[in-house]
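Visitor: Okay, here's what each chain looks like letter by letter:
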Amino acid sequence: MAADTFPKFLDSNAQSRGNRPAIREKQLGIWQTYSWKESRDEVVTIAHGLAASGVSRGHRIAIVGDNRPYLYWSMIAAQALGAIPVPVYQDSGAQELAYVLDHAGVSFAVVEDQEQVDKLLEIKETASSLTSIVYCDPRGMRDYDQDFLQSISEVKRAGEAHKAANPGFYGEEVSTGSGEDTAIFLYTSGTTGNPKGVVLTFDNLISMSEMSVKLENIRHDEDTLAYLPMAWVGDNLFSIGQSYVAGFTVNCPESQETVLADLQEIGPTYFFAPPRIFENILTSVTVRMQDASRPKRWLFDYFMEHARNVGVRILQKESVGLGARFKYWLGEILVYGPLKNTLGLTRVRRVYTAGEAIGPDIFDFYRSIGLNMKQLYGQTEASVFVTMQPDNEVYADTVGKACPGVELRVDPNTREVLYRSDGVFKEYHKNAEATRETKTDDGWVHTGDAGFIDSNGHLKIIDRAKDVGVLNNNSMFAPKYLENKLKFFPFIQEAVTFGAGRDFTTAMISIDIEAVGGWAERHNASYASYRELAAKPAVYEEIRKNIEQVNADLADDPELAGAQIARFVLLHKELDADDGELTRTRKVRRRFINDRYESVINGLYDGSDKVHIEVETIFEDGRKGVSAADIAIMDVTATSAAQLKKAS
Amino acid sequence: MFYREAGQFYTTYAKDQGIFQLKQDKYGLWGLLFFAFLVVPIGLYLLVQGGVMAGTTKDYLYNSILLLLLVNCMAAMGLNILTGYCGQISLGTAAFMGVGAFTAYKFSTGMNYRVQKEDNAGELVSTLVPILPQIDNPIALILLAGAVTAIVGVLFGLPSLRIKGFYLAVATLAAQFFLVWCFSRVEWLYDYTSSSTIQIPLLKVLSFIETGTITFGMPDGSTKAVSVSGFLVAGSETLKVPDGAKTIVSASGFILTDFSKALSSPDASRAVTGETFRIYPVPETKYIFSLAIVVVFAFIMKNLVRGRIGRAWMAIRDMDIAAQLIGIRPLATKLLAFAVSSFFCGVAGAMLLIFYLGALEGAEAFNINESFSILFMVIIGGLGSITGSFLGAAFITLTPIILINVQPAISDVFQDKALVEHIQFMVFGALIILFLIMEPLGLSRLWQIAKEKLRQWPFPY
Amino acid sequence: MSATERQFGDVLLKVDNITLRFGGVKAITDVSFEIREKQIFAIIGPNGAGKTSMLNVINGFYHPQEGTITYKGNPRQQMKPHEAAETGIARTFQNVALFRGMSTLDNVMTGRLLKMSGPALRYYHQKLANLPVINYLTYPAMWFGDLILDSLYWGPYQREEVKHRKAAEEVIDFLEIQSIRRTPVGRLPYGLQKRVELGRALAMEPDLLLLDEPMAGMNLEEKEDMCRFIIDLNHEFGTTMALIEHDMGVVMDISDQVVVLNYGRKIADGTPNEVQADQDVIDAYLGVAHEADLEEK
Amino acid sequence: MGEILEFIFAPILIFESWRFGMEVVISGLLAGVMYSLVALGFVLIYKASGMFNFAQGVLVLFAALNLAGFIGLGVPIPLAIILTIGIMILFAIVVEYLILRHLVNQEQIILFMATIGLAFFLSAFGETIWGSEVKKLDVGIPQGRFEPFGIQIQYLELTAGAVAAALVICLAIFFNKTKIGRALRAVADDHQAALSVGINLRTIWIIVWAVSGIVALVAGTMWGAKSGVQFSLSEIALKALPVLILGGFESIPGAIIGGLIIGLGEKLAEVGWGPYVGGAIEDWFAYILAMVFLVFRPQGLFGEKIIERV
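Chains as they are written, first to last, in our numbering: chain A, 1 to 648; chain B, 1 to 461; chain C, 1 to 297; chain D, 1 to 310.
Calculated from the structure, these hints are not laboratory results.
Be careful, since some hints might not be right.
Lysine-lysine pairs mimicking DSSO-like chemistry, simulated, CA-CA at most 30 Å apart [what the hints assert, rightly or not]:
#1 A:K587 to A:K545
#2 C:K127 to C:K166
#3 B:K451 to C:K166
#4 C:K163 to A:K37
#5 C:K115 to C:K166
#6 B:K302 to C:K166
Let the hints inform the model, and build the full structure from the sequences given.
Guide: Listed below in structure tokens is the structure:
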């Protein structure tokens, strides 16, 4: 019988590759390794322990914490018992947590440490369904004497006893489970309103895992780094789904702070990161190289130039001259190889990115140094995979072709993308209305994204369908499209554009403190704070040049030419998820920003050259404060089609 | 640049505590060993065979440079243990080396003592009486040399509990002067020779040396011949062509026979009964042996300094009071450093006698300048670093050799031998000062920086 | 949590009428006090009051001319610092006294040295020490055997090294200094150096931990961390601690018992609250210009 | 048994002939004065800069070489002395300029090694200029001897003693009565404090090196007059080292008393025990004596008991 649940996959892995590493964790200085057999033993014990504490079929178990083997095992143990794990973002506030726990009807929670326990204790009164909490790290827990608290080792002790008393229990429970059972609740942090609980079945996750493993030829000897939140569908699919199906090793970093060092140590063979991370890495590469000695910088620039010319073609096995190949080989030894090494990407065979558009420069940079980077397009509701770029058909501005088994179409009226596959979710938990809105009766799912399929059969995403608007001059206004173009410049951290129903387009920009700061240092411009740096006329000038370049790009496209940016402002602070301006996955919360920065937006449109702003912010330690500033507004000239012709 | 660290991670402490954290370092070292053990001897051999290099040049390379370098590496490691790792300055290194050399000599000659008797004519006749069997195994000699030196080192290390810093350094001069005095005044040490010179006898390993006469058939009948074959390591011996022998056969490998020395005719086939010839090891044998010893002791040193003993030494070095308060016994720890350091120095001294010089005069070979020169190796190489010991030894050993070899150029200008020698000294002294000013932490620090740069490449940090 | 709820064990260290002189100068005069197991015991007083000298007396670095020290129930003979360490007294210093040439990990590992007697010697102590006849032969033989194992870094010795590495890593984990594991301590900022020093003392698994101004020169955040470590240590492992600290706020918050010294004499002894109310203490502090400390409180 | 006792008390038994004994004592004390002079130069530098100046012995040789060289060229003796003093001052300036200022704040062992390098350089440099043959140094000290109470005393030895005494008195006045001398003492006591009251460290270094150079000149002259100027002079000067550990690196009286003890001790030992063990025990006796002494009194002759602090 083919395995149709993760606990069954675990059993079969423990059988077929019992001594191979299943999961590692950097702990106490070394990579503590657990084989598939050990993993299974742990899961069995925990499952027995949970059963002994009263967990049974249908219960919901919250999982809160960083990526840790015990949390992964607890998820599988819960699934083995037929209970439903509900992973929650570890950095979510008490309120968010309370909502999710309450909405999902969580009765049990397995959490990482004291910090999470404290958070749960705070909301325990309101989340009335929560009856028991298990913590993994006993540090600092000595003086907690609540009887609904127990450590994972206590659970395991109880599990040993339970197992001795009921030897066949685990096997029976696992075999009772089947593919149609609900595997997990994943709460999506929507841009508006409360998060929705996406219900995925084992069939959903396993079909997509199997599909992707086969499509991408993922082997059992891969190493991945599990550093993205466990509550995110991707981590579930990569670190559990694909790992269990293909049998490869998942590595958990020592802590959030050491992720980069751990990445370099592990040197994964298979790496996923959102564009933002690749962007940050590239920025830091650029900044660090600026401090290098002159000959080194020359060498770097020289070979990077060469890589830009031929690197991608060599990667795609196109024909390249022998001389260029030799030069590229030299570059591999002198620059690309060491560079990949310092980034921890020496062994990597596949690099994926998704979630947002990636800048073409960034994309080409990674591909030109020989990393097989590809984009994919996915959603929690689809169990990740909708489209993916096949090898040798990789473009910076598409998200690839529909994956095998996924049907794809674009609504001709709204331009909204729809798909249908085995991975399509069952429903939104306790939200039939939303389910109906999103999923048609015949299984098509509305993505909410506007896009089109290009001549190569690749899907191109423009923007959120509901965000695409029209300017008063009738040109199409796709804010995210503009914002992405802006964000591809190293100095620009975040951008928000306005224009729907207005006469012209404007932009609100927050600068990248690292990149601009480095630039300022090189130009001997002193600054004490983000605010001071962002207010410098020289910085405005630099950003203005960037925007003019975007305008020139837009002028190229008749449909968008009218949407060129006319005015912009540099914000005095970074857009911040803590302040609710971004989602936890760092997407712009447009509506919220419209309200919060109303005065700025008014200033952008009433022609004033300065605007006063006052916003409430939350500091790192949780205190609230008001940050106020006077910030300048600058005009940008648009490129006309005529100018464009002249130039070319 | 050459480092590809990504993916090198450790899942057990045993591996994490390995000598090499990075594979590239490990491969680098294996490569270096391969080069030193195989490429150098075979390469030089082929160069000579191919007529590219003169045989004498090869022998000069071995006998005057490589062997000296290896001995100095050994001594520098020894001093680095004491000074670099345990923080006790010693100015008596050469004397400890001397103890090693004399120990090796005494054991190799059977610990002779002199018995004087009046003969019938009333003349005082002295005979040397061995009290132990002669040891002809170089490894055994070297270990014995180390052990005896370790004991002497501990004796002279005893004051280190009470005396610190430069006071201790000066106190170690007591060892230097006292021991060197012994080397030229205690006749027993040099077997009562008038020149106070010691000479190492023939040493061999695995005892498959076969000297003597054999009889074997020749087309024209049976002829007596000498067969010399085996595995000589050090020293040399003069043998007599046995009675009736007409042919000398130099059979196998690791021996050189010098017929020309004693025979009336260099043609071996016309050897004449009663004449002598000399056998001695090929320089390659001495080189390989010395190299192997240095490599083994470097390994031992690395193991000691990365373990509990090394940590105790370094604790005493860095902050002796704090070290005591965490339970380190200062005297025992320092004495152990003296013992191990002296062991290494003793081995170096024995190597100096056995492999490099063959014969030496104690007071001259182990004088105070030798001690300083080893201290220079350690300081210039870098305190507390094994790599540094090697680099420093190379620097101090090779600089004068390079200066000597550019001497012809200078002599053309100055025409005065003494003057040229003085200039050499001045350049050497100035180089040392310059070096201390430019990189007081030594060559190992430069090496470390270079390595760090390579690891971070192409980034500057 | 107030001191009254806390339960302490037996008297661990008893200091009786200690007097310490340097030449003609009296550093400590007739001081007595008791430290109980599981207590956080604070010694406070103005500069030059003899606090550090008192710690030096306790760990055998100075030898008092008069008075007795009873440790673990036994009157203690004059002993050397390393002997005090062997009886389970560990110590941190006012001015960081780390081994600057070594990494954080190696510094912590030095704290394990007392426990790393060597596998052969340990075998001797467990099995062979009772055979007096061969004592004179076996002990050196075992000692020498350990030296050989050490120099080969092999077998039982390597296993021992691994065992103690694990213990050291636990200390590193406890003090949250993982990211500086391999950094030479000389390059660390002051606050982290103090933490490493505490780590080295902890690695000894001491019965009595002496902390000489553990928070001196730290910023607020570092002080908070250090307080947390001290309290965690005391609560989770029951470590007895005697500390000197100038920050009165900290002392009053975390200590169970406070002794106040002034000019080498004890002027007060009691719970933080009692001591704070003591007129002599207030006078001593006001007289020696330590207002700042009290104001902080 | 008797033989053993005879051996042990050999250095005392030489006083059986009291005249011989006194001669030994006097020559020992005078050798000691020489050691003291070398040690004195050393102490000056150590006090002012914390530098363990191994080149002091070579400095003695260098000074004597210069003096002998100038005299050999026919320069009148007073002028030769002035010239040599000038060279020693110039040398101090060069050392400060080329070496000392670049080694500020280095560890002591580095400074020490630098002085060994300097010693290498200087001895070769002196011999390059003046040649390496043994030179006679005649500065007009009367030759011959006189015999009060039948004890033979060389005029040279007497002169050396007198000159040494005069030099010590001069130095004492220099340190206690002159402004520079007081500044020197301030530096020795506390570098930081000295800097803060505006004493220029570099000037101080030049002065101490120059003064030690002049002290070296005196020592070199005396020694050179006795046994000629040659390379071995710098090795004899190594004897100053046990004097130093006996007397303490920083104590001027220590250097003087230590020198006398060492000089006397090793002469008695040599004459008494030397014959039994093959002679030349002078080579090491001083070191062993100093080392044994130090083990029992680590702070040296005049040092105060060290109180270690943590």
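Visitor: Now, for every hint given, state plainly whether the structure supports it.
Guide: Hints and how they fare:
With a C-alpha separation of about 25 Å, the suggested pair K587 of chain A and K545 of chain A falls inside the 30 Å cut-off, and the hint holds. Restraint check for K127 of chain C and K166 of chain C: satisfied, since their Cα atoms lie roughly 26 Å apart, inside the 30 Å limit. Taking the CA atoms of K451 of chain B and K166 of chain C, the gap is near 29 Å; set against the 30 Å cutoff, the hint holds. Note on K163 of chain C and K37 of chain A: the hinted pairing holds, with a Cα-Cα distance of about 25 Å set against a maximum of 30 Å.
Restraint check: the Cα-Cα separation between K115 of chain C and K166 of chain C comes to about 13 Å, which is no more than 30 Å; the hinted pair holds. A C-alpha spacing of about 21 Å is found between K302 of chain B and K166 of chain C, which places the hinted pair at or below 30 Å, so the restraint holds.
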